[in-house]
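Asker: Listed below are the residues making up each chain.
Number of protein chains: 2
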Amino acid sequence: MPTTEVKNDHIEEVKDLVEAGRENEAAALLGELHASDIGRIIAALEEDNAIRVFKLLEPEEASLVLLEVDERRRKALISSITSEELIDVVHEMETDDAADVISELPVEDAKQVLDGIDKHESIAVQKLLVFPEDTAGGKMQAELASVIETASVEETIEEVRKKAHDIDNISNVFVVDREGRLKGAVPLDKLILAYPETPIISITNRDTLTVRTDMDQEEVAKLFQKYDLISVPVVDHDGRLVGRITVDDIVDVLEDEIFEDFYKMAGLNIESRALDPAGRSIRMRAPWLMLNLCTAAVSASVVKLFEGTIEQLVLLAVLMPIVAGMGGNAATQTITVIVRALALGEINFKNARWVLMKEATVGLANGFLTGGIAGLIAYLLGANIMVGLLLFLAMTANMMIAGLIGSLIPLVLKRFKVDPAISSSIFVTASTDIGGFFTFLGLASIFMKMGLL
Amino acid sequence: MPTTEVKNDHIEEVKDLVEAGRENEAAALLGELHASDIGRIIAALEEDNAIRVFKLLEPEEASLVLLEVDERRRKALISSITSEELIDVVHEMETDDAADVISELPVEDAKQVLDGIDKHESIAVQKLLVFPEDTAGGKMQAELASVIETASVEETIEEVRKKAHDIDNISNVFVVDREGRLKGAVPLDKLILAYPETPIISITNRDTLTVRTDMDQEEVAKLFQKYDLISVPVVDHDGRLVGRITVDDIVDVLEDEIFEDFYKMAGLNIESRALDPAGRSIRMRAPWLMLNLCTAAVSASVVKLFEGTIEQLVLLAVLMPIVAGMGGNAATQTITVIVRALALGEINFKNARWVLMKEATVGLANGFLTGGIAGLIAYLLGANIMVGLLLFLAMTANMMIAGLIGSLIPLVLKRFKVDPAISSSIFVTASTDIGGFFTFLGLASIFMKMGLL
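One line per chain: the protein sequences are A and B, in this order. The working numbering applies: residue 226 is where the first sequence begins, and numbers increase by one. The working numbering applies: residue 226 is where the second sequence begins, and numbers increase by one.
Keep in mind that a hint or two might mislead.
Identical chains share a label here; the pair holds if one copy fits it or two copies do between them.
[What the hints assert, rightly or not] Below, in silico cross-link-like pairs of lysine-lysine (DSSO-like), each with a Cα-Cα straight-line distance of 30 Å or less:
| id | residue 1 | residue 2 |
| --- | --- | --- |
| 1 | K674 | K451 |
| 2 | K489 | K642 |
| 3 | K336 | K388 |
| 4 | K388 | K408 |
| 5 | K388 | K415 |
| 6 | K575 | K240 |
Read the hints as simulated data drawn from the structure, not as lab findings.
This is chain A alone, in the form it adopts within the complex (with noise of 0.2 Å):
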């Protein structure tokens, strides 16, 4: 059974092999491994010793590789060979991925492996081509089986065996009418089962769910787990059977969905990864950090406002970050539990105002709870009485923002149809450092004018 990760000595072993220009040695050793072990090898290594071991590959693997790496590096994988090479290696691939490291290149090159692969896959890609990467029309692949709806069981299973080589799993046969609109699918153990004479419009499934090829990708990847499906026809808006979808190409895409709404979270590009070079990530981030400094700015000034008090009173310096930063945590775990909910479909307008409410409550208990302990111990340590009595009053009341503004702020940006993940931590932490701010350094002031403290 393969392994389930690259071991990394076989990176060592590779990297050093090419150095030392022992390539046929390496390609050897690259000839034992599965072809996303390959890729994740070349991802590890750097360009130019990436760029040696694809040059040792043979068509077939070369193609599977250039689908397991990232964009940049398949950019400089494919640069580094001859227009010719890419050819044989854009042959070798499945439509929707040819369509996919076609659409990236340069329009002169593009022209050049449009032309050079063969013409029936040429224009099966263009057709491919044509449509946005994240629609179902961009994922979909045309390789399918498909008969027309006054075929038999026997020419149905002649379709599989002329498919069955250049298809990787084959669970439906499509069936289609004159115009090549869908009628349905037969999955392969009715075929079976079924006598040759049989019409195959008798054991055809009507009721086959279909996806458009406009559909946005994320809408078919929830289709996909909603329904468990293994593979769906793609149809034009005539009804047309244009391509197939098949759950392995849709798994990445549930995944990618949720990894952006973390990132959107923090601020981060879905396209920013941990081996971008430096000067990418600096400029991808910076936009960001501004932003921060923008909503940072105001809470200080917040502070500001209290200079007076402050002077006063240095210890409420001390104290006031505890009440921002405890704003801040119980706002990220708020926040956290309410993307994931959304991007679930579990909460709807119907239960959003209990959220918020129990949110907001659940924000007030454990700030009572927190702000209790903290204010005891702050006098303890020897701190005046009413210096922790605020610390209580500020934290409950700060706490139970951060509740009601971690959830406020997605579900209204969800009812507006914009990504709640953009609610990101940002906004949320900076209404929490103000909230903590206003509410204790604002008391404080009061409890000074009241004489208290």
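Once you have looked at the hints, place chain B on chain A.
Answerer: Chain B in isolation, oriented as in the chain A frame:
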């Protein structure tokens, strides 16, 4: 085509109907919906209404719905029906789902159900019950099509005929020897194309990827993703075929693993949900917040060290949250990227050092940038130029620390086989708070000693 999400008026509608005692109409409405839609409705309703709706369902629908709702809601629904009804419901389930549900029942009820369902099913389920839920054994189903290696294609098709009714998407027939040890698998399309008298072994794919009952579900999920599997056979320690896992059981595992990472980062138990009762949420989140209180106390004590410094220049108390906050945000970006990369296996010990240096560089650069701007603005707003310089230096230093700590902690935890996500925000932000206060206030006191402030 089924809709991708439940319209809220459905929830409203169903709720109103059951509350108005118009059960029949509610049942009719539900009849038109897919089980997963009904599941969402039942998940969204208050418990008493959820139960009323659940009681309207046929055993088959009910069996599907039970799998759509979370554990606590499931408990409530199950306890609302008689053990006879429960037996009918469980009877409708696939063995793996039945095992999951039964494993949640009190021993007594579990016994009753196991005695109630038919003998074969009961034995199959009991076999599954021995495996931990998060292993291949716990995920697999006993339903599969298999033949002995001496069988012919014709006999194999006969096996498919027998199983076709109670097994969804048979994609392979598994081939075993006399002792039941797995020899390989035959995909249905190969089976269709073979002649009836052909010995099955001659078209058997012998290097079928296989998992053992005790493999962790996360590893199984990674295999499915890596090798684009539709289903995989599960064998015991002696290589005997005991079940199969299909991709639809795996998609949720993949998703949960990701959510879990970010949940841990926010100090949340994967079990906590937005729709949990407040009391439960309070209990589940409190311990984490307590831990936060401790780290917050530490950072406060750092500020305390510099009370004297602040006394001399209260403006420092105004600006210090900016330094700490920006560090926190930079750290969150870093840790999010790292945790993802570790989850996807992009980071190995070969490139870990590089990643570390890179994140430090990114932090340094963005600290230099944002710190410069912050310092300039402070100066333009009338602060002493030395204060501006101070802000600039402290932010640069602290954001470099953020990049360093934000990548170091998860990498070190990974190194020691601890889940890197645990390195959650908390410790990282604690260090950026401490780092921020220390660098900023520390430098300030030095500046003062040097008479610069």
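Asker: Indicate, hint by hint, whether the structure satisfies it.
Answerer: Outcome of the hint check:
In the homo-oligomer, the alpha carbons of K674 and K451 never lie at most 30 Å apart, since the shortest distance is 61 Å inside one protomer and 67 Å across protomers. Taking the shortest Cα distances, K489 and K642 sit within 30 Å of each other both inside one copy (15 Å) and across copies (28 Å). Taking the closest pair of Cα atoms, K336 and K388 come within 30 Å of each other only inside a single copy of the chain (27 Å); across copies the shortest separation is 50 Å, beyond that limit. Proximity of K388 to K408 under the C-alpha cut-off of 30 Å is found in both arrangements, the shortest distances being 20 Å within a copy and 26 Å between copies.
For the homomeric pair K388 and K415, the shortest alpha-carbon distances inside one copy (18 Å) and between copies (11 Å) are both at most 30 Å. Proximity of K575 to K240 under the C-alpha cut-off of 30 Å is restricted to the inter-copy arrangement: shortest distance 11 Å between copies versus 58 Å within a copy.
Hint 1 from the earlier list is the only one contradicted by this structure; the remaining hints agree with it.
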